[in-house]
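In the order they appear, the protein sequences are chains A and B. Residues in the first sequence are numbered from 59 upward in steps of one, following the numbering used here. Residues in the second sequence are numbered from 3 upward in steps of one, following the numbering used here.
Hints should not be assumed to be uniformly reliable.
To be verified - Label pairs and their calculated CB-CB ranges:
{"#": "1", "chain 1": "A", "residue 1": "Phe139", "chain 2": "B", "residue 2": "Leu257", "range": "38 to 44 Å"}
{"#": "2", "chain 1": "A", "residue 1": "Lys531", "chain 2": "B", "residue 2": "Ser241", "range": "25 to 31 Å"}
{"#": "3", "chain 1": "B", "residue 1": "Ala426", "chain 2": "A", "residue 2": "Gly170", "range": "56 to 62 Å"}
{"#": "4", "chain 1": "B", "residue 1": "Leu257", "chain 2": "A", "residue 2": "Asp154", "range": "54 to 60 Å"}
{"#": "5", "chain 1": "A", "residue 1": "Lys427", "chain 2": "B", "residue 2": "Asp340", "range": "55 to 61 Å"}
{"#": "6", "chain 1": "A", "residue 1": "Asp154", "chain 2": "B", "residue 2": "Pro191", "range": "57 to 63 Å"}
{"#": "7", "chain 1": "A", "residue 1": "Thr156", "chain 2": "B", "residue 2": "Ala426", "range": "51 to 57 Å"}
Hints in this document: simulated from the structure, not taken from any laboratory. From the three backbone atoms N, C-alpha and C, an ideal C-beta is built for every residue, glycine too.
These are the residues of each chain, in order.
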Amino acid sequence: MSTEPYKVADISLADFGRKEIQLAEHEMPGLMSVRAEYAESQPLRGARITGSLHMTIQTAVLIETLIALGAQVRWASCNIFSTQDHAAAAVAVGPDGTPDDPKGIPVFAWKGETLEEYWWCTEQALTWPGGEAPNMILDDGGDATLFVHKGAEYEAAGAVPSPAEDDSEEWRVILDRLRNSLADTPGKWTKAAQTIKGVTEETTTGVHRLYDMAKAGTLKFPAINVNDSVTKSKFDNKYGCRHSLVDGINRGTDVLIGGKVALVCGYGDVGKGCAESLRGQGARVIITEIDPICALQAAMDGYQVTTLEDILPQVDIFVTATGNKDIITADHMSRMKHQAIVGNIGHFDNEIDMAGLAAIPGIKRINVKPQVDEWVFPDGHTIIVLSEGRLLNLGNATGHPSFVMSNSFTNQVMAQIEIFTKLEQYPIGVYTLPKHLDEKVARLHLDALGVNLTVLSKEQADYIGVPVEGPYKPDHYRY
Amino acid sequence: MHGGRPSPHEYIADPGLAEVGDRRIRYSERSMPLLTALSRRFSADRPFDGMTVAACLHVTAETAVLARLLRAGGAQVALAASNPLSTQDDVAAALAASDGVAVFARAGVDRRTYYEHISLALGADGAQGPDLVIDDGGDMVNTLHTERVDVLPRVRGGCEGTTTGVLRLRRMAAEGALAFPVIAASDTPVKRLVDNTHGTGQSVIDGLLRASGILLAGKVVVVAGFGSCGVGIAESARSLGARVLITEVDPVRALDAVLRGFRVLTLAEAAPLGEVFITATGSAEVITAEHMARMRDGAILANAGHFDVEIDVRELHALAVAVQPDVRPHMDAFELPDGRRLLLLAEGRVVNLVAADGHPPEVMDLVFGIEALALEWLAGNAGKLSPDVHPVPPDIDAEAARLVLAALGAEIDTLTPAQRAYLASWQLGS
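Can you build the whole structure from these sequences, using the hints too?
Structure, rendered in C-alpha cells:
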C-alpha cells in the first residue's frame, strides 16, 4: 500500500488554522507547560505515535506538543464528521511550512469522510514509511487499537473471515481493508502489535473495549485509561457540557432561556453541568433520574425531580444526558408543547427516538438551518430538534472549549510519556493514570487561572498522612 | 429631658442589663461604618442642637447606635419600640442609662402598653413634643395624628423607614390628613438594594433556620411576594438548595421571577406543594384558612412583612383543634382536625426580627445613615416642604453609598469631563 504525505480537504486553509491554533495555545496552559517542562529531556524521542482522535484545533495543539517532546506523529480523525478542515490543513503544513512547502505531519482527515475513506485514513495513520510500525497509539474510541488487533488476529488465523449476514456496513468495510492488507503486506499487523508499547485511550467507549479485551485475554499491549482521570472525565463532562450546552442551544435556536422550563434527563456529571448552566440563564430546571442518589443530589441542589411523563406538557426545552437509550420517545414528542426544543448531549444518538419520530404518519420535517429541524406533527404543533438527536454541543456549537481539552490532552501526554518511558511498570492490562499525574495535570492549569495554591506544612501533611507534594487523596476519593 | 417624666428606668424591663446591652451596642458599632463616619461629622456640626427627636424603631443594638448618633448631633432623643416583640431589653437598658435618651420599650408588652409607650415617647401631656420623628411602620405618625394632636404643631418633619409605613403615609397624605413633611427613607434605591434585598434576604432565612432548625436544601419554599424583600428571600433560599416557588399579584414582578428561573403560581396552587411558606407582600390576608386547609402536614408558616396580618393567624387558631405553643422557641404547632400540623413561626410576626437578630448591623448602618442624613437635611429644610411624603434627595442616597464604599475600601471611578459631556449631549452619537 502506497503512502501519501498527507490528505486533507484544502491545504490553503492552513493560515486560518494556524491563527486558531495560536489562540487555542493560550487557552491550553497544561499542554504549553508540558512543552516547556520537557523541552530539554525530550521524553518522547523515538516514539512513533499513531493518533486516532477528532482532528480539531485543540487536537492540533496536542499533536504539536507530542512533536515538541520528541515524538514522530501520524494522525487520523476518529469520526467521519468531526474534522475541522482548517485544523487538519494547519497540522499538515506545520508551524514552519507553507501550503506550497508543507513541513507538518502526515495527517489523513477531512470533514465528511465515507466509511471507506475513514478506515483508509485510519490505516494510513498506522502505516509508517519504510515498513516501520508505530510504537505507540493515542486513541479515542479505540478504532486504531481495534484495527491492529483484528489485523494481527486474522494474520494468525491465516485469513480474514467473510462478513456475516447481519454484520454492519462498517464492519464489512473494515474486513475489506484488512483483506487487502493481508494480501498486500502479510504480517504487517502482527509486527505492529509486537512493536506497539501501548495505547492511551481518551473516551468511555474505547475504555470499555479495552477492558473487554483485557478480560478476554486478547489485549496485546498495555493501555492507559485516560478517560477516568479526574481532570479528564469531571472536566469534560461537567465543565465542558456546562459551557457548550447553552452555547449549542443559543446558536441553534436563539431563544431566551430565562423563564423557560428546561428538563434535564439524567443528573450525572453531564446533567449537573447542564442543569447549572440552564439555571444560570434563568431557566426553571427540572430533573429526571432513575438513580436515587443522583435524584437526591438534584433535590438537595434545589431542583424539582419528577418523571418525564409527569412534567412533559410544561417543558419548553428538553435535554437528554443519561448515557442510556429510548429516553424521549416519538410518543413523548407528539405530546410536547408547540415549538418545544429537543436536544441530546449524551454520547450516542439513541437517547431521542429519531427513527420513531420520522415514522409518525403525516409528520413533516422542515430544515431551518444546519443541525436545526422543525418537525411538524399532523395536528399542527411543531418541535425543534437539534443536531438530529446527536450531541448538540458538538453539532450546534463547537464542543468543548480549549481549556477543557487542555485538561484531557495533558492527561494524554502524561499517559504517553508514562508508557513510553516506564513500560516495565505496565504489563499488559488497562491502567488509570497514577493520582500524582492527575494532580499534576490540575496543577499545570492553576497559574493560568490566577490560583494561589496553599502548601501543606510537613506537620499538616503528617497529620493527615499524605506527602507534602501529594498525592493528597486515596484512589477511591470521589471529588 | 422631657419635663415631668418619671424615672428613666420605669419603662424598660431591667436596668441591670445595661452593661450587657452596652457591650452589644459597641459590638454593632464596629460594623456600622456609615454611622461612625456621620458621628464624627455630627459631633462637630451639631445639626440637632436644641431639638428633640422622637423615634419609633425596633429597639436593637443598631438602633441604639443611631440614637447615640442623634444624641451626638445635639438632639434630645425619645425612643419607643415599633414592635411589641422585637425589643432587646439589654439594649433598652443601656440606652436608658445614657444621658439625654429616654426609652419606652419592653419586650413582650401588650398592645395597650405598646401604644402607651409610643405616646410617652412623644412627650408627656402638655409637653412641647418632638421637632423631628423617625418612624418604622407608621404607628408613631399615626398616634401623632390621632391620640397626640396636642404635640403635632411643633413637629417639623419626619422620616419613615419601611415600605409598609410609607404606604400608610401616602394614604394619609392623599386624604390631606398628614400634617408635616415625611421623607420616605424606605424608598431609596440604595436602601431597597441593601436593606430589603440583601438584609432581609439573609435575616429572614436566619430567623427561619433558628426557629425551625430545618435543612433548607431540597425543601419546597413558597415566597409570597417578589418585591425587593421577596427577591432577596427567594435568592437566598435557592442558594441554600431550596426549590423556591413564587406567588405574586404584580405582573412585572412576576415576570422578573419567571425570568430568574422561579416557578410562579397562585397561592392556591402552591398551598399543597410548599413545605415552607414565607410572606413578604406588605399586604394583608395573604395566607388564609382556604390555603391552610390544603397544606402539607408539617408545613412551616413565616412572615417577613412588617405587620402580622399577612398570615391569617386568627383563622389558623379557628381552624386548629389543638395548639401546642413553643414546640421550639418561636414555633407554635397548630393541629388541624385531620391530624395535620401546621407550624407557625414568631406568631406570624416579622420572623427575622423575632426569631433572629433582624438585619445585620451593616444593613441597618445604611438604613439609619440615610435616615440620619435625611433628618439633618429636614432640620434645615423642612419649612420648604409641603406636608406630604417626599423621596430622599438623590444626593443623600449617593452620599450614603459613597461613605459605605469608602469604609469597605472599594474605590470607584469618576466620570471624565469628556464622558460627562458625552452623557449630557443628545447630538453626539457613535
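Hint-by-hint comparison with the structure:
{"no.": "1", "hint": "A:Phe139 to B:Leu257: 38 to 44 Å", "result": "holds, 41 Å"}
{"no.": "2", "hint": "A:Lys531 to B:Ser241: 25 to 31 Å", "result": "holds, 28 Å"}
{"no.": "3", "hint": "B:Ala426 to A:Gly170: 56 to 62 Å", "result": "holds, 57 Å"}
{"no.": "4", "hint": "B:Leu257 to A:Asp154: 54 to 60 Å", "result": "holds, 58 Å"}
{"no.": "5", "hint": "A:Lys427 to B:Asp340: 55 to 61 Å", "result": "holds, 57 Å"}
{"no.": "6", "hint": "A:Asp154 to B:Pro191: 57 to 63 Å", "result": "holds, 60 Å"}
{"no.": "7", "hint": "A:Thr156 to B:Ala426: 51 to 57 Å", "result": "holds, 55 Å"}
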